[in-house]
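Here the protein sequences line up with chains E and F, keeping their order.
Counting with the numbering used here, you get residues 1 to 321 for the letters of the first sequence.
Counting with the numbering used here, you get residues 1 to 306 for the letters of the second sequence.
The set of hints was computed from the structure by calculation and includes no laboratory data.
Wrong hints could be hidden among the right ones.
Stated by the list, open to error - Think about it this way: if two alpha-carbon atoms lie no more than 30 angstroms apart in a straight line, the pair counts; the simulated DSS-like pairs of lysine-lysine are:
(1) F:Lys-18 to E:Lys-267
(2) F:Lys-294 to E:Lys-196
(3) F:Lys-281 to F:Lys-63
(4) E:Lys-278 to F:Lys-263
(5) F:Lys-263 to E:Lys-234
(6) E:Lys-155 to F:Lys-131
(7) F:Lys-18 to E:Lys-236
(8) E:Lys-196 to F:Lys-263
(9) F:Lys-9 to E:Lys-290
(10) F:Lys-206 to E:Lys-265
(11) F:Lys-260 to E:Lys-278
(12) E:Lys-161 to F:Lys-263
(13) E:Lys-265 to F:Lys-131
(14) E:Lys-278 to F:Lys-131
(15) E:Lys-234 to F:Lys-18
(16) F:Lys-63 to E:Lys-155
(17) F:Lys-260 to E:Lys-234
(18) E:Lys-155 to F:Lys-294
(19) E:Lys-278 to F:Lys-18
(20) F:Lys-260 to E:Lys-161
(21) F:Lys-206 to F:Lys-281
(22) F:Lys-263 to F:Lys-18
(23) E:Lys-236 to F:Lys-9
(24) E:Lys-234 to E:Lys-278
(25) F:Lys-263 to E:Lys-236
(26) F:Lys-263 to E:Lys-155
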Amino acid sequence: MNRGAVIKRATILFAFLVWVLGPISQMSANRSQENKATPAATAFASVLPEEISGWKKSRADQIFGRENIFDYMDGAGEIYLAYDFRFVFVREYARGNAPSLVVEIYQMTSSEDAFGVFTQDLDADEVHVGQDALYAAGLLRFWKDRIFVRILADKETPEIKPVIMKLGEMIAASVLQEGTRPGLISALPSEEQRPKTLRYFHTLISLNSHYFLAGENILNLSPETRVVLAQYEKEKSRARLLLVEYPSLNQAEDAHGQFAGIYLKDKALPEGEVQSQKLEDGRFSGILRKGRFLIIALDAEALPLAQWLFQETSQKLEGKN
Amino acid sequence: MKKTNKPRKVVTRRDFIKGAALGTLGVALYGKGGNLFAGSGPGVVSFAAENPQSTVVLIRNEKAIGAGDAIDPAVVQEMIDAALKEFSGEQDAAKAWAKFVRPDDTVGVKFTRCDWMRVHTEQPIIDAIVKRVGEAGVAQNRIIAQDGGLPVAKCTALINVPTVKVHTLTGIAVSLKNYINFSPQPSKYHAPSTNLGEIYLFPEVKGKTRLIIVDMLRPYFGPGPQINPLHRWNYHGIMVGTDPVAVDSICLQICQVKRKLFKGEDWPITPPPDNIFAADKTYKLGTSDPAKIKLIKLGWDKDLLI
Numbered sequence: 001m002n003r004g005a006v007i008k009r010a011t012i013l014f015a016f017l018v019w020v021l022g023p024i025s026q027m028s029a030n031r032s033q034e035n036k037a038t039p040a041a042t043a044f045a046s047v048l049p050e051e052i053s054g055w056k057k058s059r060a061d062q063i064f065g066r067e068n069i070f071d072y073m074d075g076a077g078e079i080y081l082a083y084d085f086r087f088v089f090v091r092e093y094a095r096g097n098a099p100s101l102v103v104e105i106y107q108m109t110s111s112e113d114a115f116g117v118f119t120q121d122l123d124a125d126e127v128h129v130g131q132d133a134l135y136a137a138g139l140l141r142f143w144k145d146r147i148f149v150r151i152l153a154d155k156e157t158p159e160i161k162p163v164i165m166k167l168g169e170m171i172a173a174s175v176l177q178e179g180t181r182p183g184l185i186s187a188l189p190s191e192e193q194r195p196k197t198l199r200y201f202h203t204l205i206s207l208n209s210h211y212f213l214a215g216e217n218i219l220n221l222s223p224e225t226r227v228v229l230a231q232y233e234k235e236k237s238r239a240r241l242l243l244v245e246y247p248s249l250n251q252a253e254d255a256h257g258q259f260a261g262i263y264l265k266d267k268a269l270p271e272g273e274v275q276s277q278k279l280e281d282g283r284f285s286g287i288l289r290k291g292r293f294l295i296i297a298l299d300a301e302a303l304p305l306a307q308w309l310f311q312e313t314s315q316k317l318e319g320k321n
Numbered sequence: 001m002k003k004t005n006k007p008r009k010v011v012t013r014r015d016f017i018k019g020a021a022l023g024t025l026g027v028a029l030y031g032k033g034g035n036l037f038a039g040s041g042p043g044v045v046s047f048a049a050e051n052p053q054s055t056v057v058l059i060r061n062e063k064a065i066g067a068g069d070a071i072d073p074a075v076v077q078e079m080i081d082a083a084l085k086e087f088s089g090e091q092d093a094a095k096a097w098a099k100f101v102r103p104d105d106t107v108g109v110k111f112t113r114c115d116w117m118r119v120h121t122e123q124p125i126i127d128a129i130v131k132r133v134g135e136a137g138v139a140q141n142r143i144i145a146q147d148g149g150l151p152v153a154k155c156t157a158l159i160n161v162p163t164v165k166v167h168t169l170t171g172i173a174v175s176l177k178n179y180i181n182f183s184p185q186p187s188k189y190h191a192p193s194t195n196l197g198e199i200y201l202f203p204e205v206k207g208k209t210r211l212i213i214v215d216m217l218r219p220y221f222g223p224g225p226q227i228n229p230l231h232r233w234n235y236h237g238i239m240v241g242t243d244p245v246a247v248d249s250i251c252l253q254i255c256q257v258k259r260k261l262f263k264g265e266d267w268p269i270t271p272p273p274d275n276i277f278a279a280d281k282t283y284k285l286g287t288s289d290p291a292k293i294k295l296i297k298l299g300w301d302k303d304l305l306i
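For reference, chain E alone in the conformation it holds in the complex (with noise of 0.2 angstroms):
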C-alpha cells in the first residue's frame, strides 16, 4: 500500500475511533496494561504501520494511564501527572542491527495541555509536523489537537531520520483538526520575547522544572490555575514575566499578599499598583495583580524592562477578568 493509501486509511479509522471512542478510551487508559483489547489502543495501533523501511513492530504495544504512568517511566511520571496527561500509547520498532524506534502518543484532554507538555523542552529545530514540531538527533516531537507525540530513535542516523519523519507525518495527518493554544499565551508581550522561552503548566511542580522561585507553593498553584512563563530582551536586559491565572478573585488575593510577604517580604499593594524591588543579585522581582491575574516580573536586569512587561502585560489583559 502506498503512503498516501495509508494516511488517508489511518486518517478515517482514527478519527471515527476518536470520535465514538473518546470517553472510553479515559477509561481503558486507567486499567493497567490491558493494551490489546483497548478501543483507544486500537485506534493509535491502526494508525501506525506495522513495518516502515524495514524497521518492524518489535513488542506488543503499550497503553499507560494517570494510575500506572510510574510503570512507564519511574521518577517522571509527576510531569505528564501535572497536565490533563490521559494516557500515552507506545509503540517500538526494530530492524536488525539498526537503531530502534520508539513511538508515544500522548493522549492529553485539551488541546492548551498538549501544547504545555510540548513546551516542557523546546531545545531542538523546528521541523513541519502537527501545529508545532521539533526535531534534533533522533527525536521528533510535536503536538496537534489533544495529542503530544515523541519518536525517538536509540541513535540518529541517515537513514532513520526519514522514518521518524514519515511517522510523524502519519500520526499527525490522522488528526484532523487543530488544537486552540492557550489564551493566556495571548496576554504576553509578543515583542521582545526570546525563542523558545515560552512555557505553559499549571502547578509547582512544572514551574520548579523551569524556574525555582520557592521551595513552598507560595503562588498556590494548582490544576485549576494556568501559568505562562517566558524570557524577554530588550536594550540588552533580559527579565523573565510570570504571569498566572486563577480560577478566582480570593485565591489571585492570597497568592498575591503570600509573594508580596514571602519573596519580597512586603505587604502586598492594592490591586493594580506595581510593587517591585532591586534583589541581592541587583536584579528586580515585582509583582502586578489585575483581578484574577498576577503579572510577575522575575530577574529584570534594567527596571525599565520590568515595568515595561508590567505595563504591556496589564494592558493585554484588559477586558480578560
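Add chain F to chain E, keeping to what the hints say.
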C-alpha cells in the same frame, strides 16, 4: 480565622542568591558571577583540599567511546583499575579491590537501568566491576548485579554504580538517587528530594556501601523528564569515591558548567538538588564543601569542565 500575610520561613530563590541556602551548592547554582562553588572562602582552591575529608578520583580516556558511541570494554576496565589504584594507594589492581571487598562478602552491584530514560550504566562498566569482585575471591553466586529488586538485605557489601542525569524532580541523579529504589516508596523522595539521603541510613543499607563508581561516560545535562539526545554528551569519564555527597557535588558542578556552555548563558539546574546539601548537613553522609574535597584528575583533560 482571619488570613494574614505575615512572612513565614520558606526557602526561596533569594536565599540561594544570598548563599543562605544549600551553602556553596546554592551559590554555585544561583549566585551571580564568580566561579562555581566559590563560596568556600577567599584563597581556597575548590576540590584541592590538602587534608581532605573526602577524596574522589576522576579518570577520563578519549578511547573509552568509539564510533557510534560504542564503549570499549578493555579501556573501561583499565580506567576502573587505574582509578581504584589511585584511590586506594595500591600499585596493584587486585590489592586495591581487596581493600573494598572480602571473599566472604555478598556484593550487590547497584547499577542504573532506566528503560524509558535510556541513560543506563554501561554494561562494560558493570562487567568490569563484577569481574574484579570475582577475582577478589567473591563467589559468582554472591555477586548480585542489579537495579530494581536488588536484595539489599542479603548483601554485606554494596557497590553503587550510578549514571549522571540532571533530573526534573531531584535536580540531579547520581549516587544518592541511585538508591531510591531501595525504598518501597520511591516517589516519596521526589520534589522535594531533601530526604533522599535517609535511604543510605536504612538498616539494610547503612554502612554497606564500600565503593561508588560513577559511569560518567555519557552523562545527561538536560531538563528532562525524558531524554533529549541533544542534552547528552560524551564526557569519557569514570569517577571513584566512597563519599556520595562529594561525588554528587562534583557531578553537579560538571553538569552545571556543561549547561552553561550549551546555552551560552546561565542555565541553573532546577529544582535545586537540595538532597545533596541535606545528605551532608542532615544525614551526615559526607561533604558538599569543595574546600574539604580532594579531586584527583587522571587521564584525558580536554573539556574537563572542572
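30 angstroms Cα cutoff - pair Lys-155 (chain E), Lys-131 (chain F):
holds (29 angstroms)
Is Lys-294 (chain F) close enough to Lys-196 (chain E), meaning Cα to Cα at most 30 angstroms?
Measuring from Cα to Cα gives roughly 40 angstroms; hence the hint is violated.
Sort out whether Lys-131 (chain F) lies within 30 angstroms of Lys-265 (chain E), counting only the CA atoms.
violated (58 angstroms)
Pair hint outcome, Lys-155 (chain E) versus Lys-294 (chain F) [Cα-Cα no greater than 30 angstroms]
violated (37 angstroms)
Check whether the Cα positions of Lys-278 (chain E) and Lys-18 (chain F) lie no farther apart than 30 angstroms.
Answer holds: Lys-278 (chain E) to Lys-18 (chain F) is near 13 angstroms, not above 30 angstroms.
Does Lys-234 (chain E) lie within 30 angstroms of Lys-263 (chain F) when you go C-alpha to C-alpha?
holds (19 angstroms)
Holds or violated: Lys-260 (chain F) with Lys-278 (chain E), Cα cutoff 30 angstroms?
OK: Lys-260 (chain F) and Lys-278 (chain E) at ~25 angstroms, within 30 angstroms.
Within 30 angstroms, alpha carbon to alpha carbon, are Lys-161 (chain E) and Lys-263 (chain F)?
Since the Cα atoms of Lys-161 (chain E) and Lys-263 (chain F) sit roughly 25 angstroms apart, the hinted pair holds (cutoff 30 angstroms).
With a cut-off of 30 angstroms on the C-alpha distance, tell me whether Lys-236 (chain E) and Lys-9 (chain F) pass.
With Cα atoms ~35 angstroms apart, Lys-236 (chain E) and Lys-9 (chain F) exceed 30 angstroms; violated.
Holds or violated: are the alpha carbons of Lys-196 (chain E) and Lys-263 (chain F) at most 30 angstroms from each other?
holds (12 angstroms)
Mind checking the alpha carbons of Lys-206 (chain F) and Lys-281 (chain F) for me, to see if they're no more than 30 angstroms apart?
Measuring from Cα to Cα gives roughly 17 angstroms; hence the hint holds.
Going straight from one Cα to the other, do Lys-9 (chain F) and Lys-290 (chain E) come out at no more than 30 angstroms?
holds (27 angstroms)
In this structure, the earlier hints numbered 2, 3, 10, 13, 14, 18, 23 are contradicted, and the remaining ones agree with it.
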